[in-house]
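J.: One letter stands for each residue in the lines below.
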Amino acid sequence: MSQNETTNGAEVSRRDFLKQGVAGVVALGSIGLGASNVLNRAAAPELQLSQGVVSPDPALCIGCLTCEVICSQVHKDHGLSDVPRIRIFNDGRVELNAELVKVYGDRGHFHQSPCLMCPEAECLRVCPANALVVEPKTGARIIDEKACIACGRCSQACPFPVQVESKATNQTVFGQHSRITYDPKKNVYTKCDLCNWRPEGPACVERCPVNVRIRQGIIKSDHLCLELPKASREHWDQQSVADRKQNA
Amino acid sequence: MKSFELYDATSVQEAVALLSKFGPTSKVVAGGSDLVTGIMKDWVRGKGMPYPEKLIDITTIPEMVGIKVANNALTVGAATTLSSIVDSADIKKTWPILSQSAESVASPLIRNFATLGGNINQRPRCWFFRGENFACYKKGGDFCFAVTGDNRYHAIIGGELCYIVHPSDTATALLALNAKATIAGPSGQREVPFDTYFTGPREDVLRENLLKHDELLVNVTVPQPAANTRMAFFKLKDRQVYDFALCSVAAVFTEENGVWKDGRVVLGGVSPVPYRAKVVEEALAGKNIKQAAKDAAGRIRTVARPMSLNGYKVDIAVGLIERVLTSALV
Ligand SMILES: Cc1cc2nc3c(=O)[nH]c(=O)nc-3n(C[C@H](O)[C@H](O)[C@H](O)COP(=O)(O)OP(=O)(O)OC[C@H]3O[C@@H](n4cnc5c(N)ncnc54)[C@H](O)[C@@H]3O)c2cc1C
Ligand code: SF4
Numbered sequence: 001m002s003q004n005e006t007t008n009g010a011e012v013s014r015r016d017f018l019k020q021g022v023a024g025v026v027a028l029g030s031i032g033l034g035a036s037n038v039l040n041r042a043a044a045p046e047l048q049l050s051q052g053v054v055s056p057d058p059a060l061c062i063g064c065l066t067c068e069v070i071c072s073q074v075h076k077d078h079g080l081s082d083v084p085r086i087r088i089f090n091d092g093r094v095e096l097n098a099e100l101v102k103v104y105g106d107r108g109h110f111h112q113s114p115c116l117m118c119p120e121a122e123c124l125r126v127c128p129a130n131a132l133v134v135e136p137k138t139g140a141r142i143i144d145e146k147a148c149i150a151c152g153r154c155s156q157a158c159p160f161p162v163q164v165e166s167k168a169t170n171q172t173v174f175g176q177h178s179r180i181t182y183d184p185k186k187n188v189y190t191k192c193d194l195c196n197w198r199p200e201g202p203a204c205v206e207r208c209p210v211n212v213r214i215r216q217g218i219i220k221s222d223h224l225c226l227e228l229p230k231a232s233r234e235h236w237d238q239q240s241v242a243d244r245k246q247n248a
Numbered sequence: 249m250k251s252f253e254l255y256d257a258t259s260v261q262e263a264v265a266l267l268s269k270f271g272p273t274s275k276v277v278a279g280g281s282d283l284v285t286g287i288m289k290d291w292v293r294g295k296g297m298p299y300p301e302k303l304i305d306i307t308t309i310p311e312m313v314g315i316k317v318a319n320n321a322l323t324v325g326a327a328t329t330l331s332s333i334v335d336s337a338d339i340k341k342t343w344p345i346l347s348q349s350a351e352s353v354a355s356p357l358i359r360n361f362a363t364l365g366g367n368i369n370q371r372p373r374c375w376f377f378r379g380e381n382f383a384c385y386k387k388g389g390d391f392c393f394a395v396t397g398d399n400r401y402h403a404i405i406g407g408e409l410c411y412i413v414h415p416s417d418t419a420t421a422l423l424a425l426n427a428k429a430t431i432a433g434p435s436g437q438r439e440v441p442f443d444t445y446f447t448g449p450r451e452d453v454l455r456e457n458l459l460k461h462d463e464l465l466v467n468v469t470v471p472q473p474a475a476n477t478r479m480a481f482f483k484l485k486d487r488q489v490y491d492f493a494l495c496s497v498a499a500v501f502t503e504e505n506g507v508w509k510d511g512r513v514v515l516g517g518v519s520p521v522p523y524r525a526k527v528v529e530e531a532l533a534g535k536n537i538k539q540a541a542k543d544a545a546g547r548i549r550t551v552a553r554p555m556s557l558n559g560y561k562v563d564i565a566v567g568l569i570e571r572v573l574t575s576a577l578v
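So the protein sequences, as listed, match chains Y and D.
So for the first sequence, the numbering used here puts the first residue at 1; every next one is plus one.
So for the second sequence, the numbering used here puts the first residue at 249; every next one is plus one.
With the rest of the complex left out, here is chain D (with noise of 0.2 Å):
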C-alpha cells in the first residue's frame, strides 16, 4: 500500500474545504475498514479511479458521531460506529430492522471501528472490480468481466454495463424505513431521501451514489414508524461466519387486520442499488398479508434478469420476501 497523508477534520466545513482543495485524490476516512483495508490495500484503481493520495478523517468531527431521538425522529451521525447502533436501545425498540442489519455486518471487531457512513458509502465488492488486473468499467476501464465470467454473486435485477449488487445491508434498512441523508458539500447541506441517493450504472458507472467528490454524507434521519408498522429483516449469505448478503430482504409496512396498507419492500445483494420491490408492494395492497406473500414475492421474478450462473439468486429472493412478509406479521 501507498502511503497517504491524514488529515483529522474538526468541523463538517473543514472536511468539504479539504475534500474541494485536494481534488479527487483525496477521500472522506471513517473507520478505513473498506478504504484503507480494502480498497488501497488492494490496489482498486483504474482511469476513472485514482488512488487516493490525502485522508480526510471524519470521526473527528463531534457532530457527525452518535445517536439523537428527537421531535419523532432518529438522527444518527455519518461517523458513527456500527457497534454504537447496535448497543442502542432506543434503536433496537422503535427501528429494530437498523439495528440488526448493522448487527449482521462482518465481525464484532470490524464493527467496533467500522460506520454507519462507510457501510452506506462502501464500494462494491464484485471480485473482478477489487482485481488488481480488471481494467473494469468501474474503475474508468471498458469491459465488465462479470458479464461472460463468473457472475454467481452479481446482479439479478437491474444490472446494465456494469453488474455490481449494492454490498450495504444498513442501506438494505434506511431504505425500508423511508429514511433521509444529509449531505453536505461547497454550498452547504441538502436533505435527500434514500430513495434518490442510490445510482445506478446509466446514470454514472464511476460511483454508487449522488455523492460529488467533495460532498459527504452527514448524518441519516429515520422517521418514527406509523402506528401498527410491521418490520422485518432477514440476510442470507453463502457461510455461517460473517459475510456479505447473498440476499437481503427489508419489509416496513403498516397493516390493519392482517391486510396491507401502506409499506416498503426493500432488497440488498440483488441490484446495483438497495432494490426498492414495487411490484411486490403492489401485489400486496389491500389484501390480507399472509394469504398474498407467496405470490407477492413471486412477482420479484418478472423484474429479475439473471445472468448466466446467478439464477438461483432470483429463487432465494422469492423465498426470503415470503418469509420476511410473514416473520414482520409475528
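Okay, chain Y solo, but in the shape it has when bound (with noise of 0.2 Å):
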C-alpha cells in the first residue's frame, strides 16, 4: 500500500482525518501538543536529552550489515517495523583505522548512518498525530507506531539526509532520505528508538562484531566501532558536523 492509498477501518478514517487536516491551521490547532509547537516553535520546551546516541566511527566499520540486519530482527521480533534504524553505505572517502586494517586487510570503505538523537529533535517538533515523543527511561526519541499517521513530516524535518541508496552497501532500496524511514508494509515512519526495551541496549552496539572484536582485546582500539555516549550538544555538535560531511 502505497502511503496516500487508504485502507478500511476507523483507525484509518482517523489518519486520513489527521493527514488532511495537518494542511489546515484550524486541524493543527484542535490536536494538542504536537500541532500547538508547530505553531509556537519559540515557546518550545526544552527535550530532555537523550541517555544515549548511536555515534560511529567509519574508519572501523567493515559494511558486514549485522548492525542493519540485527536492528530489523529485533524490532521485529518485539512487534515492530522490522526497516532498519541504522544504513550502512559505500564511501571510498573513508581512511580505514591502521589496526583494523592489520587484522582483518582491506575489505572496503564505508560509512554508517544512524539517528543522532538530536537535543531539539524537529521530528518530535513537527508531528501533527504526537507519535514522535521522548521515551522516559532513555530519552529517545521514538515514533509510536500506533499513533502514527504515516504523514512524513517527521521525515522531511530531519536534517540528517542519507546518501543517495544506490551507494546503500547492501544495494536494498528502502526509499530513504533521511533517517527516519517510511515502511510501507506497516504504514508507519520509523526511527531508531535505542532498543529501548532491551536490557543490553541498542542491538547494532551489541552485536556489531567490531565491538565484540574491541572488547575481547582482538582488535585493539581504544573506542567502539559504534559507541553509545550520552547525547550532549557538545557531542551533537560533533557529530553532526561529521554526519553532514560524509554525505554532502
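Think of the hints as simulated: they come from the structure by calculation, not from any bench.
Be careful, since some hints might not be right.
Simulated restraints on C-beta separations [what the hints assert, rightly or not]: (1) GLY271(D) with ARG233(Y): 24 to 34 Å; (2) ILE218(Y) with GLU504(D): 50 to 60 Å; (3) GLN437(D) with GLN171(Y): 48 to 58 Å; (4) SER268(D) with GLN171(Y): 33 to 43 Å; (5) ARG233(Y) with LYS250(D): 54 to 64 Å; (6) GLY546(D) with VAL103(Y): 47 to 57 Å; (7) GLN261(D) with TRP197(Y): 39 to 49 Å; (8) PRO45(Y) with GLY271(D): 22 to 32 Å; (9) GLY217(Y) with GLY379(D): 49 to 59 Å; (10) SER355(D) with VAL103(Y): 31 to 41 Å; (11) LYS137(Y) with GLY546(D): 47 to 57 Å.
A quick note: this is a predicted structure, and the numbers were derived from the prediction, not measured.
Cβ coordinates follow ideal geometry from the N, Cα and C atoms, glycine included.
Using the supplied hints, reconstruct the complex from the two chains, each of which is provided in its own coordinate frame.
T.: The structure is reproduced here in C-alpha cells:
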C-alpha cells in the first residue's frame, strides 16, 4: 500500500482525517501538543536529552551489515516495523583504522548512518499526531507506531539526509531520504529508538562484530566502531559536522 | 549421534500431517547424506535449531520419485536420486546443465542415494555453522564467526549478518533454467518459481528458503527451452575430487546471430542464495555475446563485497562468467 492510499477501518479514518487536517491551521489547533509546538516554536519546551546516541567511527566499519539486519530483527521480534534504523553506505573517502586493516585486511570503505538523537529534535516538534515522543527511561526520540499517521513530516524535518540508496552497501532500497524511514508494509514511519526495551541496550552496538572483537581485545582500539555516549549538545555539534561531511 | 524415530510416509499428505503433528523436532529425510551423516552426526544444533528427533522419510512416497517429460516441460520428483538425473537421456539432451550440475555433486556413491530435493534444501557448509562449538546466528546464536574469522569460502555477494554461500549445485542450474518448485503444506500444494524460493539472512537467518517447518518440496518443473537457446554450466572446486563449488556459473540464454536476446546468468557458491547476476545480463542485452562477454563478466565486481580473505573469489567469478558465456556459444 502506498502511503497515500487508504484501507478500511476506524483507525485509518482517523489517520486520514489527521493527514488532511494538518494541511489546515484549524485542524492543527484542535489536535494538541504536537500541533501547538509547530505553531509556537519559540515557546517549545526544552527536551530531555537522550541517555545515549549511536555514534559511529567509519574508520572501524567493515560493512558487514550486522547492525542493519539485527536492528530489523529485534524490532520485528518486538512487534515493530522491521525497516533498519541504521544504514551502511559505501564510501571510498573513508580512511581505515590501521589496527583494523592489520587484522582484517582492506575489505572496502563504508560509513554508518544512525539517528543522532538531536537535542532539539525537529522531528518531534513537527509531528501532528504526537506520535513522536521522548521515551522517559532512555530519553530516546521514538515513534509510537500506533499513533503514527504516516504523514512523513518527521522524515522531511530530519536535518540529516542519507546518501543516495544506490550507494547502500546491501543494495536494498527502502526509499530512504533521512534517518526516519517509511515502512510501506506497516504504513508507518520509523526511526531509531535505542532498542529502549532491551536490557542490553541498542542491538547494533551490542552485536557489531568489530565492537565484540574490540571488547575482547582482539582488535586493538580505544573506542568502538559503534559507541553509545550520553547525548549532549557538544557531542551533537561534533557528530553532526562529521555526519554532514559524509553525506555532502 | 542420538537415536531417532523414523516414519516411512506413503503420501505427500501423510508426510505433511506428520510434520504438523510432531512440530520443529521433526524433519524430512530423503537420502540423509546431509541431514543424518552431516547435521545430526556432527551435532549441529542451537537455540534456533533443535536436534531432530523424528525423521519423516519421503523416498517411500511413489509420487515424489521419478522423471517425466510432458507438455513441453520436465518434472522431477524431489525424492529422485541425483544418479537418476545424471542417467536420464531426456535431461541430458534437452536440459544438459541440469545433468551436468547433478553430476558435479559429491561422488557416484553419494549420488546413488542423495536426492534432488535434498540437494536443493541442504543446509550450508560454513565451517563455523558445522562446528559444534560455534553458537552462530544460523543456529540461533548471537555472532557470525566468519565476519572476523577465516572466511575464505564465504560470501562475496549479498552476505549480511550471516555470510554463508548456498551450497547446492543443482539449484544454480534450476534457477538459470527458470524452473518452478511445487511445495506441499497443510493448506495444499502451490507452485513457486525458484526466483523466490531461496531467502537470505535478512528475511530469516535460521533458514535458506521459504519452506515452513511443515512444508516440503514435492517436485521441480523445468520448462522446455525456447528455440535458439544456448546453455552452459561450470563449477570450480578447490580440489580435483568431489567438493563444493568455490564458484559455479550456469548460463541459459537465447541468441540470434550471436546477439543476446534474453536469458539468465546464475552464480553458485558466492552468495547466501543462488545468485542471479542481473548486472551481467543487463550488460549483455542486445550485444554480441562473444564481444561483450568479458566486459559483462567484469560487471559482477560492481555488486561484489568480498570479506577479508575471499577477494580471490571475485576474480574467479569474473573469469568463470566469461568462460561459461563463450562456451555456451560453441
Ligand atoms: C561428501 C559429500 C560431498 C558433497 N558434495 C556436494 C557437492 O559437491 N554439491 C552439492 O550440491 N552438494 C554436495 N553434498 C551435499 C548433499 O548431501 C547432497 O548434495 C545431497 O543431494 C543431499 O540429498 P539427500 O537426499 O541426501 O538430502 P538429506 O540429507 O536427506 O536432506 C537434506 C536436507 O534437505 C531437507 N529435505 C530433503 N528433501 C526435502 C524435500 N523434498 N522437501 C523439503 N526438504 C527436504 C532435509 O530435511 C534436510 O534438511 C555433499 C555431501 C557429502 C556428504
Ligand atoms: S556465516 Fe552464517 S553460518 Fe557461518 S558463522 Fe556466520 S552466521 Fe554462522
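J.: Please go over all the hints and tell whether each is borne out by the structure.
T.: Here is how each hint holds up against the structure:
1. GLY271(D) with ARG233(Y): 24 to 34 Å: Since GLY271(D) and ARG233(Y) have Cβ atoms about 54 Å apart, the given range 24 to 34 Å is violated.
2. ILE218(Y) with GLU504(D): 50 to 60 Å: For GLU504(D) against ILE218(Y), whose Cβ atoms are near 56 Å apart, the range 50 to 60 Å holds.
3. GLN437(D) with GLN171(Y): 48 to 58 Å: Hint violated: Cβ distance 33 Å, outside 48 to 58 Å.
4. SER268(D) with GLN171(Y): 33 to 43 Å: 37 Å, holds
5. ARG233(Y) with LYS250(D): 54 to 64 Å: Given a distance of about 59 Å, which is inside 54 to 64 Å, the answer is holds.
6. GLY546(D) with VAL103(Y): 47 to 57 Å: 30 Å, violated
7. GLN261(D) with TRP197(Y): 39 to 49 Å: 42 Å, holds
8. PRO45(Y) with GLY271(D): 22 to 32 Å: 53 Å, violated
9. GLY217(Y) with GLY379(D): 49 to 59 Å: 23 Å, violated
10. SER355(D) with VAL103(Y): 31 to 41 Å: 38 Å, holds
11. LYS137(Y) with GLY546(D): 47 to 57 Å: Distance hint for LYS137(Y), GLY546(D) holds at roughly 52 Å.
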